[in-house]
Every structure is written in structure tokens, then in C-alpha cells.
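Chain H is fixed; fit chain X onto it per the hints.
2 protein chains.
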Amino acid sequence: MPMAGQRRIDLVLESVRRLLRMGATPNLLNLLQKQHPADLAQIFSELSERERHAAFNVLVEKNGKLAMEALSEVGPEKGAQLLALRSAEEIARLLQELPSDDAAALIDHLPEELSAAVLVLIRPKIGGGVTELLEYEEQTAGRLMNPNVFALAEDLTAGESITALQQARDVEMVFYLYVVDDRRHLVGVVSLRRLLLVPPDTPLKRIMTAEVYSVRVDTDQEEVARQVASYNLLAIPVVDAENKLTGVVTVDDVIDVIREEATEDIQRLGGVAGDETVLDPPRAVFPKRNLWRLINLGTAVLAASVIGLFESSIQTLATLAVFMPIVASMGGIATTQTATVVVRGIALGDMTTSVLRRVLWKELWLGVTTGAANGLVIAAIAYLWKGQLLLSLILAVALLFNMLIAAVVGTLIPLALKAFRVDPAIASSVIITTFTDVFGFFSFLGLATLLIRFLL
Amino acid sequence: MPMAGQRRIDLVLESVRRLLRMGATPNLLNLLQKQHPADLAQIFSELSERERHAAFNVLVEKNGKLAMEALSEVGPEKGAQLLALRSAEEIARLLQELPSDDAAALIDHLPEELSAAVLVLIRPKIGGGVTELLEYEEQTAGRLMNPNVFALAEDLTAGESITALQQARDVEMVFYLYVVDDRRHLVGVVSLRRLLLVPPDTPLKRIMTAEVYSVRVDTDQEEVARQVASYNLLAIPVVDAENKLTGVVTVDDVIDVIREEATEDIQRLGGVAGDETVLDPPRAVFPKRNLWRLINLGTAVLAASVIGLFESSIQTLATLAVFMPIVASMGGIATTQTATVVVRGIALGDMTTSVLRRVLWKELWLGVTTGAANGLVIAAIAYLWKGQLLLSLILAVALLFNMLIAAVVGTLIPLALKAFRVDPAIASSVIITTFTDVFGFFSFLGLATLLIRFLL
Numbered sequence: 001m002p003m004a005g006q007r008r009i010d011l012v013l014e015s016v017r018r019l020l021r022m023g024a025t026p027n028l029l030n031l032l033q034k035q036h037p038a039d040l041a042q043i044f045s046e047l048s049e050r051e052r053h054a055a056f057n058v059l060v061e062k063n064g065k066l067a068m069e070a071l072s073e074v075g076p077e078k079g080a081q082l083l084a085l086r087s088a089e090e091i092a093r094l095l096q097e098l099p100s101d102d103a104a105a106l107i108d109h110l111p112e113e114l115s116a117a118v119l120v121l122i123r124p125k126i127g128g129g130v131t132e133l134l135e136y137e138e139q140t141a142g143r144l145m146n147p148n149v150f151a152l153a154e155d156l157t158a159g160e161s162i163t164a165l166q167q168a169r170d171v172e173m174v175f176y177l178y179v180v181d182d183r184r185h186l187v188g189v190v191s192l193r194r195l196l197l198v199p200p201d202t203p204l205k206r207i208m209t210a211e212v213y214s215v216r217v218d219t220d221q222e223e224v225a226r227q228v229a230s231y232n233l234l235a236i237p238v239v240d241a242e243n244k245l246t247g248v249v250t251v252d253d254v255i256d257v258i259r260e261e262a263t264e265d266i267q268r269l270g271g272v273a274g275d276e277t278v279l280d281p282p283r284a285v286f287p288k289r290n291l292w293r294l295i296n297l298g299t300a301v302l303a304a305s306v307i308g309l310f311e312s313s314i315q316t317l318a319t320l321a322v323f324m325p326i327v328a329s330m331g332g333i334a335t336t337q338t339a340t341v342v343v344r345g346i347a348l349g350d351m352t353t354s355v356l357r358r359v360l361w362k363e364l365w366l367g368v369t370t371g372a373a374n375g376l377v378i379a380a381i382a383y384l385w386k387g388q389l390l391l392s393l394i395l396a397v398a399l400l401f402n403m404l405i406a407a408v409v410g411t412l413i414p415l416a417l418k419a420f421r422v423d424p425a426i427a428s429s430v431i432i433t434t435f436t437d438v439f440g441f442f443s444f445l446g447l448a449t450l451l452i453r454f455l456l
Numbered sequence: 001m002p003m004a005g006q007r008r009i010d011l012v013l014e015s016v017r018r019l020l021r022m023g024a025t026p027n028l029l030n031l032l033q034k035q036h037p038a039d040l041a042q043i044f045s046e047l048s049e050r051e052r053h054a055a056f057n058v059l060v061e062k063n064g065k066l067a068m069e070a071l072s073e074v075g076p077e078k079g080a081q082l083l084a085l086r087s088a089e090e091i092a093r094l095l096q097e098l099p100s101d102d103a104a105a106l107i108d109h110l111p112e113e114l115s116a117a118v119l120v121l122i123r124p125k126i127g128g129g130v131t132e133l134l135e136y137e138e139q140t141a142g143r144l145m146n147p148n149v150f151a152l153a154e155d156l157t158a159g160e161s162i163t164a165l166q167q168a169r170d171v172e173m174v175f176y177l178y179v180v181d182d183r184r185h186l187v188g189v190v191s192l193r194r195l196l197l198v199p200p201d202t203p204l205k206r207i208m209t210a211e212v213y214s215v216r217v218d219t220d221q222e223e224v225a226r227q228v229a230s231y232n233l234l235a236i237p238v239v240d241a242e243n244k245l246t247g248v249v250t251v252d253d254v255i256d257v258i259r260e261e262a263t264e265d266i267q268r269l270g271g272v273a274g275d276e277t278v279l280d281p282p283r284a285v286f287p288k289r290n291l292w293r294l295i296n297l298g299t300a301v302l303a304a305s306v307i308g309l310f311e312s313s314i315q316t317l318a319t320l321a322v323f324m325p326i327v328a329s330m331g332g333i334a335t336t337q338t339a340t341v342v343v344r345g346i347a348l349g350d351m352t353t354s355v356l357r358r359v360l361w362k363e364l365w366l367g368v369t370t371g372a373a374n375g376l377v378i379a380a381i382a383y384l385w386k387g388q389l390l391l392s393l394i395l396a397v398a399l400l401f402n403m404l405i406a407a408v409v410g411t412l413i414p415l416a417l418k419a420f421r422v423d424p425a426i427a428s429s430v431i432i433t434t435f436t437d438v439f440g441f442f443s444f445l446g447l448a449t450l451l452i453r454f455l456l
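As you go down the protein sequences, you meet chains H and X in turn. Just so you know, we're using this note's numbering here: the first sequence kicks off at 1 and counts up by one. Just so you know, we're using this note's numbering here: the second sequence kicks off at 1 and counts up by one.
Because the hints were derived from the structure by calculation, they are not lab data. Some hints could be false.
Chain copies aren't distinguished; within one or between two, either way the pair holds.
Stated by the list, open to error - 30 Å max Cα-Cα, derived DSS-like pairs, lysine-lysine:
1) Lys244 to Lys288
2) Lys62 to Lys386
3) Lys78 to Lys65
4) Lys78 to Lys288
5) Lys386 to Lys34
6) Lys288 to Lys205
7) Lys205 to Lys65
8) Lys288 to Lys418
9) Lys78 to Lys205
10) Lys386 to Lys78
11) Lys386 to Lys65
12) Lys244 to Lys205
13) Lys34 to Lys205
14) Lys244 to Lys34
15) Lys65 to Lys418
Next up, chain H with everything else stripped away, as it sits in the complex (with noise of 0.2 Å):
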């Protein structure tokens, strides 16, 4: 049994790190020779910008199937890095290695003119499988699909069938079998271990199950992923506009969607890039990074703007800017606790407006409660504290109008977000958090402001 795991990855990281100090060629050779390209990928990832490039060198020399695979394995992005350093000539052959749609995506992050210059060289070779992918639009079924699906015609029998499967060459794991008629319609679908289990004279039609499950050429990859998780499928066939076969999107790839789509909605929900990694080039990341910043900033400026209206009231009174900050900071633990659960179910695809009203009773119960719950307990601390009753049950009853304000908030921009087209998660707790900080200032300043003569 390969031993796997971190902890090996960890192993096999620091031998490559040595061989390549030392030059031994040979060795790091028949040493990345015996793993498997997912861990490659890892290593390479690990490995600094020079030694991956060092690494990758000695391999593709000698196992370019083994190398392109590991490639593919680390993502287009990076993958395309580690290949725009050769000629287009050498690229376009290392590209044959590969299944069509794991070579789209490499080309397609080239630069420019490299990729425009492979793009003319493998035309007549691979016969226009990568070519076509790279016409459909990011993120949807066509462009994530394998092209090379195989087909069974619908007037075979069972061991017709069995035949033309043990014939067919080049095709990727093969669990469903999809049956066209003669103009590649998609028709059904057939296990094969149902053909095993008939009569080899069975005709296909007989045993094969009409209802399939397939998705469109642009039907967004979320949704791809979605069917695929919900009905349990290994695999889920793709057809034109006219139900010709085109393809087929394999559970593997939808994991890797899935887990895309995963970090895409916590990295924005924090106000961060959906595709940035822990090992990115901080100047690639600087632009988002100080995008989100610069909007806390002015966020943050509002909120002060808020405050210095009613700064005499603070000169006259300082405690009150003790205080201050607790109402604003419960908002914004309120609210991103709600948008949170709003845009996971959004993603999940359990919030519909259907369910609208159930959710925001829900949160605006919990705001109440918590609200009411975590209100006294800041009113005896403060009355504790400064021994000022009625600045006590201000503080307390501003809190509880900003918990509702957050219940509202939270469970609104995100579905209002979606509603325009815009991703909910963007909603990060930096927008969303605004409101709460405003209305936060506004309510505690200026209720005390009000009764200002009563607190002196």
C-alpha cells in the first residue's frame, strides 16, 4: 500500500530539495519517476519558484506524460507559468500528452502570443479538440467537459456493445455508457454491468435507461456540479443545443469545482480574492488586498463622520466614547454571523426567496433574544462600571435596535446581491458590517445626545 499523506509529501519534498543542491540528476529523476501527479503537484507548489522550475526541467526531459499530468495537477495558472518558458513548438507537443480539456486550460493561460502561436501548431495535430473547448465561456460545462466521450450507436446488442467497448481506445474512465442514435443524439444510458448481465443479443434499446441527466454546452459549472452532487453520478454527459453528445464531465472535475467554489465563497466572504492561495507573490495579491482596505477605509470614514456629529456630546461627556465601540462591534458580529449562514445556504441552494420570510423571522427572533440576553448583561457591566444607570439602559436598548438592524441586514444584501447577478459573498462582513458600525454610533451617540441632561 503507498504510504500517503503529508507526511511523506513532506519526505520526498526535502530529498528533491536535496538532489537538486547537489545536481544528482539521475537520482531526482527516478525519484519524481515514482510519484504520482497529484503529489508532484504538491511538491512542486512547495518548492521555491527556482527549484520548481529546476525540478520541472528534469522531468519533462524524460517523462513529459508524467510532468504535463503533474502540470495539470497544479492548476491552469500556475501550470502555464512553469510551460510559457518554451518554445511553442516543444509546448504543443508536451500538450499532446494530455486529455483536450486539461490542455484548454493550460493554453488558455499562457500569454498572449505564445498561446495564439501553440494554438496555430496543434490545430492539425489533437484535430481541433482544444480548439473548440477554448470557443465556450469560462466556468461552464463545455469548457470543463472531456470531448472524447465514447458513444454506443442504439440499434447494437449487449455484446455489440461489449465489442466496440473493448476497441475503443483513448477513453477516459468509462462507468456509463451514453447511447446516441445516428445523429449523435443522446438517447440513454447503460452500465456496464448491466451489458455483463443479459444475453449478449439483447438489443441495447431494451436495457438501456431513457431518462438521462445530461447539462448544456453553457450551463454554468456550478450547476453542473450541483446535479452531479445531488443525483450521486459518476459522470454527466453534455449536449449541444440539439441534444447531439458532446462531451462528458467526470466527478473529478466536479470536486475540483466544488472545492474552487468552496474557497472562492470564504475568500471573498473575507475580503479576499477568491483564487488566491497562501503561497501567492505578495505583489500579484497587493491590487485586491488594498482594494478591500481602501473600501474599510472609506467605510470606516463614514462611520467616523457619524461619531463627529456628535463629538460636543463626547467632549462633554467622555465615557460615552468608552462605550461606543461595543454597540457598533455587537452589529458586526450579528451581521456576519447572519450573512454568513445566508450566503452558505445561497450556495447550497437551500435560501430561495421562497423560504425569505422563515429566515428573517428566524434572525429577527434571535436578534431579539440575543439582543435582550446580551443587552443586560452589557448594562450591569457598564452600570457596574461607571455606576450610571441611565447610561446603562441606553447602551443596552442600542444594542438591541442594532442586533435587529443586523437580522434585516445580513439576511438582505446577500439575496439582494444574487437577485442583481452579483456573487453574495462579496458581501463580505466589510460591506455589510457598515451598515451595523453607522447605525451602531448613530443609535448609542444619539440617544445619549437626547438625554444628555439626564447623564451629567
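For chain X alone, coordinates are given in the frame of chain H:
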């Protein structure tokens, strides 16, 4: 082609509600029977509790298998709630419609007495598969696997293997055929397609691959998912401590794990329980939501007490109170951004201690550059607003400092939590932003207090 997607489900949902209101049981049954279990699960989730019980009751009387499959898709927790109103005898009978892993998950979520009664009834019937599964720890491969795994004896030929497969019953999705020795030790794997491509008298030993990725019954489900995803597997065999084949985890279960783990990470980062869903009843959610709000109240009071140290400075110069939240807020976005990328990096396996120095360097670089950029902007705004040059400079310096603190805290806290075997996603904004809140108030108000005589 079955019409898929949310729109279709919404239409069915509407009809289900109407038929329930009309009491048109035969029509309702007819409609429900046409749905895929996954679609039924979504419909059940969107119905109110009363409607859900009514619809489930109609279906379970006539089509127990479909009803139970839908229940499984609803998830073990809510599924168990729907079952819990029935007698132990009936539940035991219905559970036989499900694979052992799904049945075990449901039993595990029944009220304690009921689940004990069901287990007694079920033991003699399914031969213990369910009972044994429940002995493995939650969230391990043992809990996730299907124990009914089809295996071939290593001394068979290809032809005999196909015959064995044809005679096997009740085998979940077969694509990899595992090969075992006479004591059921896992010794190899062969694909169905490969069996078909060789002459029937070829010994299995000659065509099987002896290197099989496998996991142990006690392997954490996240590690199972990582291996299936990295190595693009459709299933992974599960072995016991002696390498005996005891089950198989299929890719559809892995997809569920990946989605659950992503939901857990997203929600914990947002200060919400990992398994909360938008439609959870508010009463059930209250304790955990309120716990985080109370913790947040504690950290807010801590920050307020820092401000309290400088109350006399604020009394002297109320303008300080206006700008004070800006420094804290900028530290907040910076820690959130950093911690989000680091937490996700840990989950994806990219963030390890071996790359800590590179990540810390990246975050510090970003802290300096964005700190300088935003510091300049806020200094200009403050100067234009209040006309106090020194105050503007203090603001800029405090902001820069806080960005550096954010870089360190956001990187180290999640890693430290992981080292202590706590989920790093618990480093939700509530915990980590405490540091930058406190430090932000302290540095800005502290600097201003030191230099206060030049500010007046």
C-alpha cells in the same frame, strides 16, 4: 431528458403544497413517486414541518424505499426527526431499504431510547453491518464506508472474475474490483474494463495493480476526502489495522464530506456553528449564536477598557474619539483577510509549517505596503477635515503598526490553533480581531496621549 434545476423543483413544491391542502393523496403520491430522492429531499426541506410530515407519511406507506432514500438525502439529523414519530418495529423495517452506512447515520441521530430499541430489532436482520459501523468513531472512514464491498479472490482468472461479478447481488457501484487473499487482506485492484480486455483465462494476479491507495477504518474523513480528490479516485477501499478489506468509501460520500467541511469552515469563520442551516428553528440555534455574541461582548468590553485608560485624553480632545475606530477597523479587515487565506490554506493542505516563513513574509510585506498606502490616504483625509497635521500623522503611524500586528496575528493564531488540534476556522473574526481592536485603540490613543500637549 429530465428537466432539472431549481425552477422545476419550485413547480413541484407548489403542486405538493396544493395537493396537501386539497387532501388529494393519490395525486400527491403519484407526483412524489416521480421525483429523484435528491429532489424529494430538497422539497421536504422547503416544506413547513407539518407539511413535511404529511408528505413523508403519504410516500412512506406506498414506497418505503424511495421515502427512505429521500430521508437519507435530507441528512441524518433531519431525517431522524421525520422517522422518530414511528414505532421501533416500523423504523427497523424501513431501515432495511437503505445501505448500512446510511442506516447507521440515521439510527445515530434518533432519540437515545428509540435508537437502542431499533438496534435490538435490526441486529438479527441485516447481520450486524449497521451495529458494527456505529462502533467506529464519527467522522472516520469506518463510519463513512459501505461494508458490503465486492472483492475477488486473488487466485481467480479474468473469466471467473466476470462470472463472480455477474452473480454478486446488492453491490454498490462497481468500477474498481478489489482483490484479496484467502484471509481477506487487500492485495490488489483491477478495473472492470481491464477484465474485459484480456483473454478469459488470464490470472487475476497478472493484470491487477498491486499498488492500491487505501485508508484505515480510523482515518479522518477529511483525509479520506483529500486522497480521493487528489488522486482522482471513484472509490477508496477501507482496511482494518491488519490490512483486511472491510469496506469502501465511494466518491459520492466524499463529495458530501467536502461540502460539509467547506460549510463548517465558512460558518465557523463567521462565528456560526458548522452545521447550522438557514432553515434551522431559531430556538435550536440560539445557544451557539448567543455564545459567540457573548464572547464578542467580552472582547468588546476589553477594547472599551483600553479606551477607558485614555478617557481623560478624550475629555481634553474629543476629536480623538472620532478617529479612534478607524485604526481598529483597518486592523480588523487586515486580520480577517490574512486569517481567511491561512485557514483555507490549512484546509486545502497548502499551508504547512514548512512554508510559514514565506507566508509570514508575504503578509508583513502586504502589511507594510497597504499600511503605508492607507496611512497616507487617512492622514490626508484627517488633515483636510480637522486641519491638525500631527494628529493626522499619529493616525497614519498607528494604522501602519496595526497592519503589521494584523499580519502576524492572522498568520500565527490559526496555525497555533491547528497545533493544539483545535479547528483553525474557530479563529473566527471574533477572536482574532480582538488583538487588532485592542492594539489599535492602544496605539492611536497612546501615541496621542504622549504627544497631547502638541495637539492642543
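Structure-based check of all given hints:
In this assembly of identical chains, the alpha carbons of Lys244 and Lys288 never lie at most 30 Å apart, being 41 Å within a copy and 51 Å across copies at closest. Taking identical chains as interchangeable, the C-alpha atoms of Lys62 and Lys386 are never at most 30 Å apart, the minima being 76 Å within one chain and 68 Å between chains. Proximity of Lys78 to Lys65 under the C-alpha cut-off of 30 Å is restricted to the intra-copy arrangement: shortest distance 17 Å within a copy versus 48 Å between copies. In this homomeric assembly, Lys78 and Lys288 come within 30 Å of each other (Cα to Cα) only inside a single copy, at 19 Å, whereas the closest approach across copies is 41 Å.
Neither within a single protomer nor between protomers do Lys386 and Lys34 lie at most 30 Å apart by alpha-carbon distance, with minima of 70 Å and 67 Å respectively. In this assembly of identical chains, Lys288 and Lys205 lie within 30 Å of each other by CA distance neither inside one copy nor across copies; the values are 55 Å within and 55 Å between. Taking CA atoms no more than 30 Å apart as the test, Lys205 paired with Lys65 passes between copies only; the shortest distance there is 27 Å, against 39 Å inside one copy. In the homo-oligomer, the alpha carbons of Lys288 and Lys418 lie at most 30 Å apart both inside one protomer (22 Å) and across protomers (27 Å), since each shortest distance falls under that limit.
Taking the closest pair of Cα atoms, Lys78 and Lys205 never come within 30 Å of each other, the shortest separation being 46 Å inside a single copy and 40 Å across copies. Proximity of Lys386 to Lys78 under the C-alpha cut-off of 30 Å is found in neither arrangement, the shortest distances being 58 Å within a copy and 48 Å between copies. In this assembly of identical chains, the alpha carbons of Lys386 and Lys65 never lie at most 30 Å apart, being 73 Å within a copy and 65 Å across copies at closest. In the homo-oligomer, the alpha carbons of Lys244 and Lys205 lie at most 30 Å apart inside one protomer (18 Å), although the nearest pairing across protomers, at 41 Å, exceeds that limit.
For the identical chains of this complex, Lys34 and Lys205 are inter-copy neighbours only, at 22 Å across copies versus 45 Å inside a copy, given an alpha-carbon limit of 30 Å. For a Cα distance limit of 30 Å, the shortest separation of Lys244 from Lys34 across copies, 26 Å, qualifies, whereas the shortest one inside one copy, 41 Å, does not. Proximity of Lys65 and Lys418 under a CA criterion of 30 Å is satisfied in neither setting, with 42 Å inside one chain copy and 37 Å between copies.
Checked against the numbered hints above, the structure violates hints 1, 2, 5, 6, 9, 10, 11 and 15; every other hint is satisfied.
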